[in-house]
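Chemist: So the protein sequences, as listed, match chains H and X. Take 1 as the starting number for the first sequence in our numbering and just add one per residue. Take 1 as the starting number for the second sequence in our numbering and just add one per residue.
What the hints contain is simulated information worked out from the structure, not anything from laboratory work. Ideal Cβ placement from N, Cα and C applies to all residues, glycine included. Please note that the accuracy of each hint is not assured.
DSS-like, lysine-lysine: derived pairs with alpha carbons at most 30 Å apart [claimed, not checked]:
| # | chain 1 | residue 1 | chain 2 | residue 2 |
| --- | --- | --- | --- | --- |
| 1 | H | K115 | X | K15 |
| 2 | H | K30 | H | K12 |
| 3 | H | K76 | H | K115 |
| 4 | H | K76 | H | K135 |
| 5 | X | K276 | H | K135 |
| 6 | H | K39 | H | K12 |
Which stretches of chain X does chain H cover? Using the computed rule of at least three CB atoms under 8 Å from a CB of chain H, they are [to be verified]:
| # | segment |
| --- | --- |
| 7 | 168 to 181 |
| 8 | 189 to 202 |
| 9 | 215 to 222 |
| 10 | 458 to 472 |
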Amino acid sequence: MIVVKDLVRQFKSGDRTIKPVNGVSFELGKGSLASIVGKSGSGKSTLLSLLGALDKPTSGDVVVDGVSLAGLPDGKLTEYRRRDIGFVFQQFNLIPNLSALDNVMLPLEFAGVRKSARLQRAKELLEQVQLDPEKHARRTNRLSGGEQQRVAIARALANEPKLILADEPTGNLDEQTGEHIIELLSSLSRDDNTTILVVTHDRSLAQKTERCFRLQQGRLTEEVRSGSRR
Amino acid sequence: MSVLARSVGNAFRNKIRTAAVVAVLAVAIGLALAMLVANQAVGAKVQELNASVGTTLTVNPAGGQGFEGGGEPLTTTEAQTVASVANVTSVVGTKALRLQTASTTTASTGATTGTTQQAGPGGGFGPGGQQPTVSTNLTAAVDAGTLGNRNSSTGSTTQPTRTLPITATGTGAEVDSTGKALNITSGTGLGDYTAAEAKALVGSSLAEKNNLTVGSTFTVQDKTFTVAGIFDAGTTFGNNAVYVTLPEAQALAATPDELSTMIVTVNSMENVDSTKTAVQNALGTDKADVTQGQRNLETAVSSLNSVKNISLIAFIAALATAGIIILLIMVMLVRERRREIGVLKAIGAPNRTIGLQFVLESLVLVALGSVVGAVIASLASGGIASALISSNTTTTAVTRTQRGGGLAGAVPNGSLPGGGGFQGGGQGGPFGGASQLLTSVTASVSPGVLAAGIAAVFAVAIIGALVPALLTARIRPIEVLRGE
Numbered sequence: 001m002i003v004v005k006d007l008v009r010q011f012k013s014g015d016r017t018i019k020p021v022n023g024v025s026f027e028l029g030k031g032s033l034a035s036i037v038g039k040s041g042s043g044k045s046t047l048l049s050l051l052g053a054l055d056k057p058t059s060g061d062v063v064v065d066g067v068s069l070a071g072l073p074d075g076k077l078t079e080y081r082r083r084d085i086g087f088v089f090q091q092f093n094l095i096p097n098l099s100a101l102d103n104v105m106l107p108l109e110f111a112g113v114r115k116s117a118r119l120q121r122a123k124e125l126l127e128q129v130q131l132d133p134e135k136h137a138r139r140t141n142r143l144s145g146g147e148q149q150r151v152a153i154a155r156a157l158a159n160e161p162k163l164i165l166a167d168e169p170t171g172n173l174d175e176q177t178g179e180h181i182i183e184l185l186s187s188l189s190r191d192d193n194t195t196i197l198v199v200t201h202d203r204s205l206a207q208k209t210e211r212c213f214r215l216q217q218g219r220l221t222e223e224v225r226s227g228s229r230r
Numbered sequence: 001m002s003v004l005a006r007s008v009g010n011a012f013r014n015k016i017r018t019a020a021v022v023a024v025l026a027v028a029i030g031l032a033l034a035m036l037v038a039n040q041a042v043g044a045k046v047q048e049l050n051a052s053v054g055t056t057l058t059v060n061p062a063g064g065q066g067f068e069g070g071g072e073p074l075t076t077t078e079a080q081t082v083a084s085v086a087n088v089t090s091v092v093g094t095k096a097l098r099l100q101t102a103s104t105t106t107a108s109t110g111a112t113t114g115t116t117q118q119a120g121p122g123g124g125f126g127p128g129g130q131q132p133t134v135s136t137n138l139t140a141a142v143d144a145g146t147l148g149n150r151n152s153s154t155g156s157t158t159q160p161t162r163t164l165p166i167t168a169t170g171t172g173a174e175v176d177s178t179g180k181a182l183n184i185t186s187g188t189g190l191g192d193y194t195a196a197e198a199k200a201l202v203g204s205s206l207a208e209k210n211n212l213t214v215g216s217t218f219t220v221q222d223k224t225f226t227v228a229g230i231f232d233a234g235t236t237f238g239n240n241a242v243y244v245t246l247p248e249a250q251a252l253a254a255t256p257d258e259l260s261t262m263i264v265t266v267n268s269m270e271n272v273d274s275t276k277t278a279v280q281n282a283l284g285t286d287k288a289d290v291t292q293g294q295r296n297l298e299t300a301v302s303s304l305n306s307v308k309n310i311s312l313i314a315f316i317a318a319l320a321t322a323g324i325i326i327l328l329i330m331v332m333l334v335r336e337r338r339r340e341i342g343v344l345k346a347i348g349a350p351n352r353t354i355g356l357q358f359v360l361e362s363l364v365l366v367a368l369g370s371v372v373g374a375v376i377a378s379l380a381s382g383g384i385a386s387a388l389i390s391s392n393t394t395t396t397a398v399t400r401t402q403r404g405g406g407l408a409g410a411v412p413n414g415s416l417p418g419g420g421g422f423q424g425g426g427q428g429g430p431f432g433g434a435s436q437l438l439t440s441v442t443a444s445v446s447p448g449v450l451a452a453g454i455a456a457v458f459a460v461a462i463i464g465a466l467v468p469a470l471l472t473a474r475i476r477p478i479e480v481l482r483g484e
C-alpha cells in the first residue's frame, strides 16, 4: 500500500547540512500497524511529515497505492491529505477557539460532508475516544492535554483515512486511556484495514504493533520480532 | 460550523482588539465617506453652475445696452454668423419691448393708443431705441417708488408719478434674458418659439396683479394674447414681465429680423474666453458688444473645483488609510495564525477555503467599521461640506468686491451690472442668486455614494485578507507548523 523509496530530507543549519531522514526505504501493506521508535531528534517526526505530504523530500519518493507523491501538485497533495491521511500531531494542533466537536468536524467539512452527517460522525468519534459528552462543546483550549490528544485522534479518524500517521498518540494520556487508544488503533487496523504508522517512545505501544522500525541518525532499520502480535 | 460562522467567530476572538480595529477603521471609513459626499456635493454644484450660467455670453448692439446708448440693432443674419463660431452650442435671440398701460401711454406721449414708438423721449424712459413701447391693457406689478420716479426725471423737471412699464421679451427658446431656463410654475411653454403666435408667458406677480391665470387673455397693441403659462423668475423685477415668441415680438415692434440681444451658450467653461473673442471678431467690434456677465462665477467655480479636487484627494487618502489599516491588520492576523493555517492545510483544507475564511473575517471587521463609519459620515459630512463651501464662497465674495469696485460683490444676492438695465423699483439682475446657489449646497448621504465608498473599502479588505492568507497557505504545512 505504501512504498517508501530512498527518502532523503536535508536541512541547512548554519554552515552544516543535516539529514534527519537519510535514504529511508520500506514498505507497509494495507491494514498493517507499525511503529517507529528512536531517540528525540532522530528524525521520526520529519519522516512522518514526509509520509503525510506535509513536507516534500529532498530526494526519493513515497508511493501510495501506486501514486507517487513526488509528482503530485499542491492541490492534489491537499486532496491526498484530506481523503487518505489522518494525522495525529505530537502537539495536537487543534484550533483553540473551536469546540471539540467543531475541530473534529473540520476535515468532514473540507470533504464536503453535510452538516447533520458531520455532527453525528463527530459525536460518535468523540465517544469512541472516550471524551466526556459534556466536554464535546467545550473549546479545546479549555481541555486537558489528554483530552486534547483524544480530540486530535478523533479528528484524524474523521474521514476514515486509509493511512493514519500518529506522532506520540499516547504521550499525554494516562495508562488506562493510552491502552484504550492503542486498542482503538489496533481495531481500526484489524477491522477496517486501515494502515497505521505510529511514532512513539512508548515501548508497550511499540511492542503491540505488527512491525517496529528504529530510526537512528536518519537511517531506518526494522526490529526483528520472534512472534506475531495478533 | 461553516466557514462563515468560523470567520465571524474568529473576528471576535480577541474582543478588545476587535473593538480597537473597528474604531480605527470607522474613523478612516467615515472620513472617506464624508469626503466622497463632499466631493459629490461640490461636483454637482459645479456642474449646475456650469450648466446654468457659467457658459453664456451676452451680445448687445455696439454702444447700446438695455435702455441706454445707440448704434445699429442686431439682426438674425448676425445670429447665424455667431452660431457658426466654434464651440458655440446655441444662440438664442431676444427682442425686448416695453409694454405701457394704454392710459399712461396716451397721457405721457400724446400719441394715439396702439402706435409703436421706435425712438424719442418715450415718456422719459430713455432714448435707447432698443425697446419699442407698445400699449397693453396690463397693469405693471411694480410701483415706481422713489427709484422709478428718479429714473424718469429729466434734468430739473420732475415727471408726475406714473406706473412703470412692463418688460416684454420675445425669445427664441424657453429661456430668460440671461439664458436660464424659465421656471414655469403653471401651464405650459409657448411650444414653437420660432413661430409667431398670440400666446404669452406671464410673470407670477404680473399675473396676480392683473388676475390672470392660464388661459386668460390680455391685449398688446389691440391684439389678444392668451396666457399659456405663468413663470417665476425669482425676483420682483423679473416677475413683472411677459415672454412671447421671438417672431411675435418682432412683429409687435414692426422690426422683423431685428434682435435686441443674443444669448450665446458655449460648450464648456474653458472655451468661454476664446469663444467670446471669436464672436466679437465675427461680428466686428463696431457692431456688437460681447459680455461675459458671469465672470464672478468663473472664479467661484474655479474655487469650487479646487475644493472638489481636495475632497477627492482626501477621499482617496482616507480610503487608502482604511485599506492600509485593514491590510496591516490582516497581515498581522495571518502572521499570528500561521500555525492555524498550517493545521488547516494539514487536515486537507484547500487554499480557497483558507482564503475565504480570512476574507470573510476581514469583511466582518470592515462591515462593522463601515456601519460605524457611515454613522460618523452621516453626522459629519453635512458639516464638512458646508464648511468647505461656505469658506470658499466667502473668499469668492471678497475677491468679487475687490474686482468689481464694490458695485456688485457685496450685495446679498450677488447682482451684477451690465445685464438688465436700470429700470425698476429695486435691485435685481440676471445673475442675482448666484451666491445663494453656492451657499445652498447641502451634503446629503445618498445611498449610491455610500455604497460606492463602502464597496471600495470592501474591495481593499478582500485583497488585504486574500493576499497574505493565500501566500501563507501556499507554504508547505510543515514549514508553518515547525516554525512555531
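Chemist: Please write out, lowest number first, the hints stated earlier that are contradicted by the structure.
Modeler: 2, 4, 5, 7, 8, 9 and 10
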